[in-house]
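Protein sequences, first through last, are from chains B and P.
Sequence positions in the first sequence follow the working numbering and run 854 to 1290.
Sequence positions in the second sequence follow the working numbering and run 854 to 1290.
Incorrect hints may have been included.
Since the list gives no way to pick one copy over another, a pair counts as held whenever it fits inside one copy or between any two copies.
The list that follows gives simulated cross-link-like pairs (lysine-lysine, DSSO-like), each with its CA atoms no further than 30 angstroms apart [as the list claims (entries may be wrong)]:
#1 Lys972 <-> Lys1279
#2 Lys1049 <-> Lys1148
#3 Lys1147 <-> Lys1078
#4 Lys1049 <-> Lys885
#5 Lys1290 <-> Lys1097
#6 Lys1290 <-> Lys1147
#7 Lys1078 <-> Lys1148
#8 Lys1064 <-> Lys1148
#9 Lys969 <-> Lys1236
#10 Lys1290 <-> Lys901
#11 Lys933 <-> Lys1147
#12 Lys1095 <-> Lys1224
#13 Lys901 <-> Lys1095
#14 Lys1148 <-> Lys972
#15 Lys901 <-> Lys1279
#16 Lys935 <-> Lys1279
#17 Lys976 <-> Lys1219
#18 Lys1278 <-> Lys972
#19 Lys935 <-> Lys1094
#20 Lys1078 <-> Lys976
#21 Lys1148 <-> Lys1097
None of these hints come from the bench; they were simulated from the model.
Keep in mind that this is a model prediction, so the values were computed, not measured.
2 protein chains.
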Amino acid sequence: MKNAVIAQSGGPTSVINNSLRGVIDELNLSKKINKIYGAKMGILGVLKEELVDISAQGSHQIALLAETPSAGTIGSCRYKIKSDEDLARIIEVFKKHEIGYFFYCGGGDSMDTANKVSKLAQKENLELICTGIPKTIDNDVGGPLQADGTFAVCDHNPGYGSVARNLAINILEANEENKASYTSDPVLVIGVMGRKIGFIPAAARLADPGKKIPLLIILPEALSKDDYLGNLEFITEKVNKKLKDFGRCIVVIGEGVELGDLGILKDSFGHPQFSASERTVEQLLINYLNGTDKKDEKGQAQSRLIVRGIARSERPGTRQRREIAYVSEVDKEEAYQVGVYAAQIALSGENGLMSTITRKPGGIYKITYDKVPLEVVANSERKFPQEWISADKVDVTDDFINWAQPLIGGPLPCFAQFEEIYVSKKCREYVPVEYRK
Amino acid sequence: MKNAVIAQSGGPTSVINNSLRGVIDELNLSKKINKIYGAKMGILGVLKEELVDISAQGSHQIALLAETPSAGTIGSCRYKIKSDEDLARIIEVFKKHEIGYFFYCGGGDSMDTANKVSKLAQKENLELICTGIPKTIDNDVGGPLQADGTFAVCDHNPGYGSVARNLAINILEANEENKASYTSDPVLVIGVMGRKIGFIPAAARLADPGKKIPLLIILPEALSKDDYLGNLEFITEKVNKKLKDFGRCIVVIGEGVELGDLGILKDSFGHPQFSASERTVEQLLINYLNGTDKKDEKGQAQSRLIVRGIARSERPGTRQRREIAYVSEVDKEEAYQVGVYAAQIALSGENGLMSTITRKPGGIYKITYDKVPLEVVANSERKFPQEWISADKVDVTDDFINWAQPLIGGPLPCFAQFEEIYVSKKCREYVPVEYRK
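Based on the sequences and whatever the hints tell you, model everything.
In structure tokens form, the structure reads like this:
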């Protein structure tokens, strides 16, 4: 009997604890496993030999993982293994603690690390099975879109369905807000996660597949990569078109859209940390819309909006990936099963694989759990398909909707919608006094 | 038989539609009422004679108001009635449409307007009953804290309980995020609503009455009103104390805390629109913590944090007052009953009153619905009690918790919490390579 270590890497998701639970439940059924350890704060916990004894936790706590968002139970980290010394240390710790199974839940970089650990273990004659579990909200782990409408390597990453559902519901609620407030706040700008990748902002469209809400979706891939002023002008024009037609507008913008220097700090992977930038896209955009760069002699901003009122911004931030009330049941179940399947792969004795989700082509949503070499994942790259960006550059196509819709689970909330039955007018026309200015 | 008009004013809440529903349900039971109209976009709908026929809507839509957040059904506005001409126009429209009942749901300014409309109607011999319905998320409508521990005039405003519940759950989820990510992102700053009033940020404490989470609560009333640099230094010191003790920290900061010039735009009431400011407190705070004002010759920011990693910020914005999943059931029911009671006041023939919530003193939560003259409300002012700010200025007292706890409804989510059972160490000490730099 050997012990098993589970580690998590990178940003959490709403359902990553379900993958953890899946691995634990499955390992607990096996006679090959002695103890299950959790690496405290990801791979740092291995390096620092800080291993939480998961086998010593009550079964109630394991069950509660199902309803616990984010990755606070054993923790995660953004530490990148770059040196052979760190790799050797991992092997040293695994040897001393009789680790036979290493599960690494993370993105592409983590699969690369798991692969390196596996290679070194073989060289050092350590019997170690390394198994990857995919997890991102950005949905960037896997290969490109294939001709059959599914993605190669990993159709979608556990965690994405929930952040997509979260944003879809956010937009439905934002629409109620915007309908309520547009006479003073006609434009609501929501800056969302996803770095330079558009899968998250694209999910806003799932709120309104019929395109009735005055919604603009700005993906990093749709706009210029360097002409920030051109991008600001372009978005402003689109906003004003919506204001002309609807009197109001909701803008969802990916945090990685090029709108000027954000003063971005980077994590140890070299990834930009948009959450800690000096400025943010939604702030830059509303400042431009509100014309704070053009102040008159009294210091009053000169708005670029064609209607009365202001553009306001918000930034749900990490809450996008940790709201338990908006978890997609489909995503949650898949995250669990991907964990279960990872344990099954490992227990079968196969090494160097990632548990993955393969989707059957066609109109009916059907997936199978599958395995793929860590090396393949580490060298895969997924971008948001250019062909899913609509011709006007401020929306996504129905192909995206068809692909993404099943991932967000059950029906979205349904809100009251009064019919526009107005009482017949009996008075003269009137312009409110404050509106004459 | 006369017709009734309902109008909404100012920022929406998650439960304002329940007050609307309460009024409608109660009026529908009365034989004194012919038709019920909704003023489209608040008082602007009266001025512009845009009246939605609520009586013509299906009963299913009225029922759906219970589950519909914000005020998008008939809309609201931030238009302030300043001139006699506008007031006269309101009377003109009411006369032409045989309006006998006017319900105005809003904050203190709206109660003032309703009072003025009532006065002018009497002068013009229009039989009109004007009734106010309180609604704010800031909880600033009503009088001061009394010796018995309840607030005068209106103990708490419908809408506040839900925004408080929303923030409490946000903090529990943020804690999972912060526990997961602190090795790279030790500080999470959440900027919340409430303008210059601390009731909203204070509600963060309801997540953790036992004070186990490393949480700082920064109320506008607790810090200096002009020394922004002193405030930044003070908060930084408190953050670093938490980092020293816990390695991580969550900061909840009210949008109206003085941290420097935000470049704020104002609405027509003259209220600052923090949502449309050029800069935000949470951004100013993380920039200071991350030391973006102190860059070295390579352009690298010089962090003021005593630990590795960065401070990140988020801004839930209007989502605080429109997430249907986090509505307080207590708040929802009270919002409904305040609407019902307003209709009862009006139907009884009493004019110039606001429906209100009176709380019984003592440990057991008990309220009664009551009435108070509009004039009293219009001249009331509520501030966050200074005595509820803790001595260290970064928290609230148990008296606040005891007062606020019943307002947020049922139990908060419970998340998995592993016991800190670590595997015994067997290897030498090790510092990860990247941490030696």
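For which of the previously enumerated hints does the structure constitute a violation, in increasing order of number? 4, 8, 12, 14, 17, 19 and 20
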